[in-house]
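Trainee: Heads up: the sequence lines are chains A and B, in that order.
Take the first sequence: its position 56, counting from 1, is numbered 58 in our numbering, and each next residue is one higher.
Take the second sequence: its position 23, counting from 1, is numbered 25 in our numbering, and each next residue is one higher.
Hints were generated in silico from the structure; no laboratory data involved.
Here the structure is a predicted model, which means the values were calculated and not measured.
Certain hints may be false.
Pairs count within a copy or across copies, as identical chains cannot be separated in the list.
[To be verified] Quick list of in silico lysine to aspartate or glutamate cross-link-like pairs, EDC-like style, CA-CA up to 20 Å: (1) 116 x 41; (2) 50 x 107; (3) 39 x 107; (4) 22 x 62; (5) 55 x 91; (6) 39 x 54; (7) 50 x 71; (8) 22 x 54; (9) 116 x 36; (10) 116 x 15; (11) 55 x 36; (12) 50 x 36; (13) 20 x 62; (14) 20 x 41; (15) 50 x 15; (16) 55 x 15; (17) 20 x 5.
There are 2 protein chains.
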Amino acid sequence: MDEIEQVIIVRCDLNMGKGKAVAQGCHAAVRAYEMAKQETPRIVSDWKMQGEKKIVLKADLEAIMRIYENARNELPCALIRDAGLTQLEPGTVTALGIGPARRSDIHPLTGSLKLL
Amino acid sequence: MDEIEQVIIVRCDLNMGKGKAVAQGCHAAVRAYEMAKQETPRIVSDWKMQGEKKIVLKADLEAIMRIYENARNELPCALIRDAGLTQLEPGTVTALGIGPARRSDIHPLTGSLKLL
């Protein structure tokens, strides 16, 4: 069985605090999960059987947008923009969630990023 | 319409780094979301229409377990234990996700906690 993972990329050039980073990562995780359930339910089932592996990476805005443009037509992915009610300007990109999907499909896009 | 929110409580007495905290929070968010979709789909729909509000709080182990015991029979909630592959002992409680659920149902349980 292919290795399945969900990748959460948190934007690192905004200096978000820990609570803000968790909230934005959670938005990305839930929305990408919901998309994957609709588009690739078998992969989501396999991911659950494998223990729901999550990888949390960091990237600046340019890298996030480049990955999103490459991933959006191939993989379930959710670009998160902050509502701007608290710390950030409305519409600020904060995170990107990809999958659950096959590691072999995600890794070519995200392999150069570092762990958060 | 009632105000609906998802509350993510991250354990604060483990000194998890930002990436670890995001990963554990994401586990809590996805699992509690999945439970809520099965148990209270109308509330989840309302939550989405309201913008998917998430609140990220912090608590020590004792508070997390007390809240979990009070919440588990009334609300969709997911207690997260780390697999222990990296930084923590296997089975270590790291986070608790509650809802999406009505704020009026969650707040009596979590109202004393501080934001992460």
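Trainee: How do residue 39 and residue 54 come out at 20 Å by Cα distance, when the copy is not named: within, between, both, or neither?
Mentor: both (13 Å within a copy, 18 Å between copies)
Trainee: Can you give me the call for residue 50 and residue 107, within, between, both or neither, at a CA distance of at most 20 Å?
Mentor: within (18 Å within a copy, 29 Å between copies)
Trainee: I want to check one pair: residue 22 and residue 54. Are their C-alpha atoms no more than 20 Å apart within a copy, between two copies, both, or neither?
Mentor: For residue 22 and residue 54, only the inter-copy Cα distance (15 Å) is at most 20 Å; the intra-copy one is 23 Å.
Trainee: Is it within, between, both, or neither for residue 20 and residue 5, if the alpha carbons may be no more than 20 Å apart?
Mentor: Neither. Shortest intra-copy (29 Å) and inter-copy (25 Å) distances fail the 20 Å Cα cut-off.
Trainee: Is the C-alpha distance from residue 22 to residue 62 at most 20 Å within one copy, between copies, in both cases, or in neither?
Mentor: Both ways: residue 22 and residue 62 sit 16 Å apart in one copy and 19 Å across, limit 20 Å.
Trainee: As a check of your reading, is residue 55 near residue 91 (CA-CA no more than 20 Å) within one copy, between copies, both or neither?
Mentor: The answer is between: 17 Å across copies meets 20 Å, while 32 Å in one copy does not.
Trainee: At 20 Å max between alpha carbons, let me know whether residue 116 reaches residue 36 within a copy, between copies, both or neither.
Mentor: Answer is neither: 25 Å inside a copy and 29 Å across each miss the 20 Å cutoff.
Trainee: From the Cα coordinates, with 20 Å as the cut-off, is the pair residue 116 and residue 15 best called within, between, both, or neither?
Mentor: Cα proximity of residue 116 and residue 15: one copy only (13 Å, versus 26 Å across).
Trainee: How do residue 39 and residue 107 come out at 20 Å by Cα distance, when the copy is not named: within, between, both, or neither?
Mentor: within (17 Å within a copy, 28 Å between copies)
Trainee: For residue 20 vs residue 41, is the C-alpha pair at or below 20 Å within one copy, between two copies, both, or neither?
Mentor: Neither: 31 Å inside a copy, 30 Å across copies.
Trainee: Which holds for residue 50 with residue 36 at a C-alpha limit of 20 Å: within a copy, between copies, both or neither?
Mentor: Both: 14 Å inside a copy, 12 Å across copies.
Trainee: Pop the pair residue 20 and residue 62 into one bin, within, between, both or neither, using alpha-carbon distances up to 20 Å.
Mentor: both (17 Å within a copy, 16 Å between copies)
In summary, the numbered hints that this structure violates are 1, 7, 9, 14, 15, 16 and 17.
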